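*Asks:* Sequence:
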Amino acid sequence: MFGLPQTAPGDTSLDRLLHAWQGRFTLGLSPTSLMLAYLDWLTHLANAPGKQQALLQLGWAQALTMGHYAAMAALNPQLPPGEPEGPQDQRFTGPEWERWPFNVLAEAFLLYQQWWQQATTGVPGVSRHHEQVVAFGARQLLDTIAPSNFLFTNPAILRMTVLQGGANLAQGTFNAIEDWQRAIAGKRPVGAEAYVPGRNVAVTPGKVVYRNQLIELIQYAPTTSEVQAEPMLIIPAWIMKYYILDLSPHNSLIKYLVDHGHTVFAISWKNPGPDDRDLGMSDYIRLGVLAALEAVQTIVPGRRVHTTGYCLGGTLLTIVAAALARDNDDRLQSLTLFAAQTDFKDAGELTLFIDESQVAYLKDIMWTQGYLDSSQMAGAFQLLRSQDLIWSRLVREYMLGRREPMNDLMAWNADGTRLPYRMHSEYLIHFFLHNDLFEGRYRVDGRPIALSDIRAPMFVVATRKDHVSPWRSVYKLMLLEDTEMTFVLTSGGHNAGIISEPGHPNRSYQIVTHHATEKYIDPETWQATMPTRPGSWWPAWIEWLDERSSGLVPPPPMGAPEQGYPPLAEAPGSYVFET
Numbered sequence: 205m206f207g208l209p210q211t212a213p214g215d216t217s218l219d220r221l222l223h224a225w226q227g228r229f230t231l232g233l234s235p236t237s238l239m240l241a242y243l244d245w246l247t248h249l250a251n252a253p254g255k256q257q258a259l260l261q262l263g264w265a266q267a268l269t270m271g272h273y274a275a276m277a278a279l280n281p282q283l284p285p286g287e288p289e290g291p292q293d294q295r296f297t298g299p300e301w302e303r304w305p306f307n308v309l310a311e312a313f314l315l316y317q318q319w320w321q322q323a324t325t326g327v328p329g330v331s332r333h334h335e336q337v338v339a340f341g342a343r344q345l346l347d348t349i350a351p352s353n354f355l356f357t358n359p360a361i362l363r364m365t366v367l368q369g370g371a372n373l374a375q376g377t378f379n380a381i382e383d384w385q386r387a388i389a390g391k392r393p394v395g396a397e398a399y400v401p402g403r404n405v406a407v408t409p410g411k412v413v414y415r416n417q418l419i420e421l422i423q424y425a426p427t428t429s430e431v432q433a434e435p436m437l438i439i440p441a442w443i444m445k446y447y448i449l450d451l452s453p454h455n456s457l458i459k460y461l462v463d464h465g466h467t468v469f470a471i472s473w474k475n476p477g478p479d480d481r482d483l484g485m486s487d488y489i490r491l492g493v494l495a496a497l498e499a500v501q502t503i504v505p506g507r508r509v510h511t512t513g514y515c516l517g518g519t520l521l522t523i524v525a526a527a528l529a530r531d532n533d534d535r536l537q538s539l540t541l542f543a544a545q546t547d548f549k550d551a552g553e554l555t556l557f558i559d560e561s562q563v564a565y566l567k568d569i570m571w572t573q574g575y576l577d578s579s580q581m582a583g584a585f586q587l588l589r590s591q592d593l594i595w596s597r598l599v600r601e602y603m604l605g606r607r608e609p610m611n612d613l614m615a616w617n618a619d620g621t622r623l624p625y626r627m628h629s630e631y632l633i634h635f636f637l638h639n640d641l642f643e644g645r646y647r648v649d650g651r652p653i654a655l656s657d658i659r660a661p662m663f664v665v666a667t668r669k670d671h672v673s674p675w676r677s678v679y680k681l682m683l684l685e686d687t688e689m690t691f692v693l694t695s696g697g698h699n700a701g702i703i704s705e706p707g708h709p710n711r712s713y714q715i716v717t718h719h720a721t722e723k724y725i726d727p728e729t730w731q732a733t734m735p736t737r738p739g740s741w742w743p744a745w746i747e748w749l750d751e752r753s754s755g756l757v758p759p760p761p762m763g764a765p766e767q768g769y770p771p772l773a774e775a776p777g778s779y780v781f782e783t
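Each residue of the sequence shown is one higher than the last, beginning at 205 in the working numbering.
Since the hints were derived computationally from the structure, they do not count as laboratory data. All of these numbers come straight from a predicted model, not from anything done at the bench. Cβ coordinates follow ideal geometry from the N, Cα and C atoms, glycine included. Errors might be hidden in some of the hints.
[To be verified] DSSO-like mimics (lysine-lysine), calculated; alpha carbons at most 30 Å apart, straight line: (1) 549 to 567; (2) 680 to 549; (3) 549 to 723; (4) 567 to 391; (5) 680 to 567; (6) 680 to 669.
[Unchecked claim] Here are the computed distance ranges between Cβ atoms for each label pair: (7) 609 to 501: 42 to 48 Å; (8) 368 to 268: 36 to 42 Å; (9) 729 to 253: 37 to 43 Å; (10) 732 to 268: 35 to 41 Å; (11) 260 to 729: 39 to 45 Å.
With the hints as constraints, model all of the structure from the sequences given.
*Replies:* Encoded structure:
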């Protein structure tokens, strides 16, 4: 008897292959998740006659406004678009956009954009997450048709084209072809090759004193005759390479620490490949932070350790600190967290891409590869800032024909890494979906941990314009911590706010130390009442560390060969070069 081929009831290999193929065209975004959001919005809007009426009235009012504006623009050829006293859209600023007909085009687009913002928000019954996804999707579609993106509707492009006889368009075409060829070949952007770790970035002298299958531990050479007794261990995020904290000599945070009398150790994470698919969060704890701590305390015996974690590295540091506190292990002298979240309920715009459907879809993509590639992560980050990272670049480089000069931070940002399948799956599920760490359900070695157990003093830095770790989300650590916490809110974004060396122009910060016995202050009140200080927050951090150190001592030796930690290589080591 003939029958259909038999497959195991739980066989999902075809699903995974399909989703992996789809992911090549969707930037890793789940089409099912997007469709669910759209249907939620559309069905509720269809059943909301009051909202429909309000949108019709708004559309009619905007049509009248547009007609009045067009008439005024005909009489006054230099009438700026947008609300006279409202925030100006940077795409349409400048005298050229105040001239007819470009001001009329810009005004029509801004009114159209405003209508869609009202249409995609405030629909009764739509879930908050789906509303955010639909509003975000509408913004992306609108951004593609903005008048600023096209030759004949952007006066700056038209003027440049006339002045140069079209040479700018020819150069822009060459730029586009060059970028496409580099992308196909897997090369970094133009100019990034000028920044090479060990040559002109990541040049602070040091030695690799420990290596395992996940990390290299770098000990930096002292530059002062005496150092603070307690060493510093830096745990960077492994979503990118460690040397954001050791860029050029003038803006290297690691060099700044060393030059101010601190013995600094830093983890350089291995760039995982397909064979590392089963590395999980427990491996990053055991082979990463705990292995590094053991090495540091062997090289600098009898001392507690100052610790610093950046972004995901900061989240990992809080996990380790809570686990050590649970086990009555007091080896940490202090914790410093840079743009690191512990509560993921309001984790910024990244939550647009996080729900059950999206995580399942992303897991299937990673299962096929064994990892999540940096290019797949970059697509999501670019969408979050599409005006700056996609459309303004298209205009500048492909229509005006001007390359933006490369710098050390941009080159580092193009030097991406991969995330192992198991680790990233656990991260998305336990942190973003279930918020287990903040709510006390996260387990280390089979037992739950609590952030409120941490007793080491904390220095927490958040940045005002951070779209990855919003400062109000970072601030929520205040709700749980039962220890002294110094909170710093600095100007800049997720990266530039941290790499904020003294002398950097237009930098400022707010700072306050909160003691365990003091009452909680909500973030808005805190921001409104704390004075703003000009300049870099780095000197305040050095002062804070020095006050929580036990005094100056001669520098320790580089490594400890007799105890199994001989110098293995010069900094920056070998893992940083893995592509």
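*Asks:* Does each hint fit the structure? Answer for all of them.
*Replies:* Verification of the supplied hints:
| no. | hint | in the structure |
| --- | --- | --- |
| 1 | 549 to 567 | 21 Å, holds |
| 2 | 680 to 549 | 10 Å, holds |
| 3 | 549 to 723 | 23 Å, holds |
| 4 | 567 to 391 | 26 Å, holds |
| 5 | 680 to 567 | 29 Å, holds |
| 6 | 680 to 669 | 17 Å, holds |
| 7 | 609 to 501: 42 to 48 Å | 44 Å, holds |
| 8 | 368 to 268: 36 to 42 Å | 41 Å, holds |
| 9 | 729 to 253: 37 to 43 Å | 41 Å, holds |
| 10 | 732 to 268: 35 to 41 Å | 39 Å, holds |
| 11 | 260 to 729: 39 to 45 Å | 41 Å, holds |
Consistency with the previously given hints is maintained throughout, with no hint failing.
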